[in-house]
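There are 2 protein chains.
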Amino acid sequence: MSPERLAFVGGTGPEGLGLAVRFAAAGHAVIIGSRSPERAQEAAAKVKAKVARAQVDGRLNEEAVEAGEIVLVTVPFAGHRDTLKALAPAIGGKIVVDVVSPLAFEGGQIRALAVPEGSAAQQAQALLPQAAVVAAFHHLDAGSLMQLEERLEADVVVCGDHPQAKLRTMALAEQIAGVRALDGGPLANSRYLEEFTAVLLSLNKNYRAHTALRIVGIARAGGGPRRGGKAAPR
Amino acid sequence: MSPERLAFVGGTGPEGLGLAVRFAAAGHAVIIGSRSPERAQEAAAKVKAKVARAQVDGRLNEEAVEAGEIVLVTVPFAGHRDTLKALAPAIGGKIVVDVVSPLAFEGGQIRALAVPEGSAAQQAQALLPQAAVVAAFHHLDAGSLMQLEERLEADVVVCGDHPQAKLRTMALAEQIAGVRALDGGPLANSRYLEEFTAVLLSLNKNYRAHTALRIVGIARAGGGPRRGGKAAPR
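If you read the sequences in order, they're chains Z and U.
130 is the number of the first residue of the first sequence in our numbering; add one for each residue after it.
130 is the number of the first residue of the second sequence in our numbering; add one for each residue after it.
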């Protein structure tokens, strides 16, 4: 695929940083957004330290979003609503990839938080009615993403109601070595993806592991979706 | 493991029948329960046709439950509450493995149904306070289970609050060739398992596939849970 300009809203946390490293390594331009320009630039320097040839910059969230073609949302859920509300004018009709899992950690257990709109991604779509919101990347372990020499063995299930945005996100996901992207249906399915993160984090704790997901039973070759010639772009 | 006597509540549907075939093939005694003794016996005959040496019988749900040591619940969700309420005295303090995913199919889409207790398995535990309820087996494809010659490549994530019941269910799951059982934490996590079934069914539809789940990142050897020496029994 041709290089994309990817803006990360809240890109200084581990998940945003890990994805930024992988996409920078694949030749995409990355703009790390933060509420603090200093922390954005520190995060950009971390990407540069991992990927010497990275095209990477750190900016205020709003400037990052304006400079990006695809916006990846990697904020903590606590800041999800207010952050996206404030950025709505800057985001406009862009593709928004929501990576957020609304989870709470209490008494050694992890649980999913109820979201009035159904899911974090559905909340994003409600706040950004012009944008093409897609849900993806919830199940990639941040630590594994940071280890560039590690080939991931993982499927990224992508949900969304905008076919073109979904296909572009699936193509982007497959830029990460070892990742296969799968069409997981409409945005309404995003809740099941987000909440399943709680199971993976429970397994990580029980087994001291860094888990990811593989869907078995779908042939890699000819594994494109069934209708409308939407073969997975590779 | 030593042979168990497994009672299936609502064992005439595809998921119950598929599990019954696999466990009968592994040498366990299987009692298929139904509201209709005729349909129970027809289902038992189907198991026998697949596994000539099967120890299998078909009975009324209540009689099946009384005869079983472990009760597997494979009813449609529409009948889940009333069936378990009626069977509570017969089930008593037994191990109950809830396999039910509360899903609705509407307009070509699949969605998870809200359950007041949180999940089908949590509903079972509320209705059966003496029993040790475990949630498992949601993600095994019924068609694949019926093909005895097919080695499954799947993980069964098991959730529950009763450690011994969970371990016994994990050992049972690993009687199915190719299945690895994983401790997915407390029963409260069962909702995320049940709802994720909607994603697998969406993928089945999009890719004309029979999907199952693999968790990557957990070493098969020495992959036992972390605490209290609860190594997965094999």
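Note that these hints are calculated values from the structure, not bench results.
Do not rely on the hints blindly, as some may be mistaken.
So the derived list for chain Z, only partly shown, Cβ under 8 Å to chain U, looks like this [said to hold, decoys possible]:
id : residue
1  : M130
2  : S131
3  : E133
4  : D270
5  : E282
6  : H291
7  : Q293
8  : Y336
Label pairs and their computed distance ranges (CB to CB) [to be verified]:
id : chain 1 : residue 1 : chain 2 : residue 2 : range
9  : Z       : K334      : U       : A255      : 20 to 30 Å
10 : U       : P292      : Z       : F234      : 19 to 29 Å
11 : Z       : P218      : U       : D290      : 46 to 56 Å
12 : U       : P292      : Z       : E235      : 18 to 28 Å
Ideal Cβ placement from N, Cα and C applies to all residues, glycine included.
Status of the hints after comparison with the structure:
1. M130: 21 Å, violated
2. S131: Constraint on S131(Z) not satisfied, violated at 26 Å.
3. E133: At about 24 Å, which exceeds the 8 Å cut-off, the nearest Cβ of chain U leaves the hint on E133(Z) violated.
4. D270: Cβ of D270(Z) sits 7 Å from chain U, so the hint holds.
5. E282: Holds, because the Cβ-Cβ distance from E282(Z) to chain U comes to roughly 5 Å (cut-off 8 Å).
6. H291: 16 Å, violated
7. Q293: Constraint on Q293(Z) not satisfied, violated at 16 Å.
8. Y336: 5 Å, holds
9. K334(Z) to A255(U): 20 to 30 Å: 26 Å, holds
10. P292(U) to F234(Z): 19 to 29 Å: At roughly 22 Å between Cβ atoms, F234(Z) and P292(U) fall inside 19 to 29 Å, so the hint holds.
11. P218(Z) to D290(U): 46 to 56 Å: Holds, since P218(Z) and D290(U) (Cβ atoms, about 48 Å apart) stay within the stated range.
12. P292(U) to E235(Z): 18 to 28 Å: With a Cβ separation near 21 Å, P292(U) and E235(Z) satisfy 18 to 28 Å, so the hint holds.
Consistency note: the structure conflicts with the earlier hints numbered 1, 2, 3, 6 and 7.
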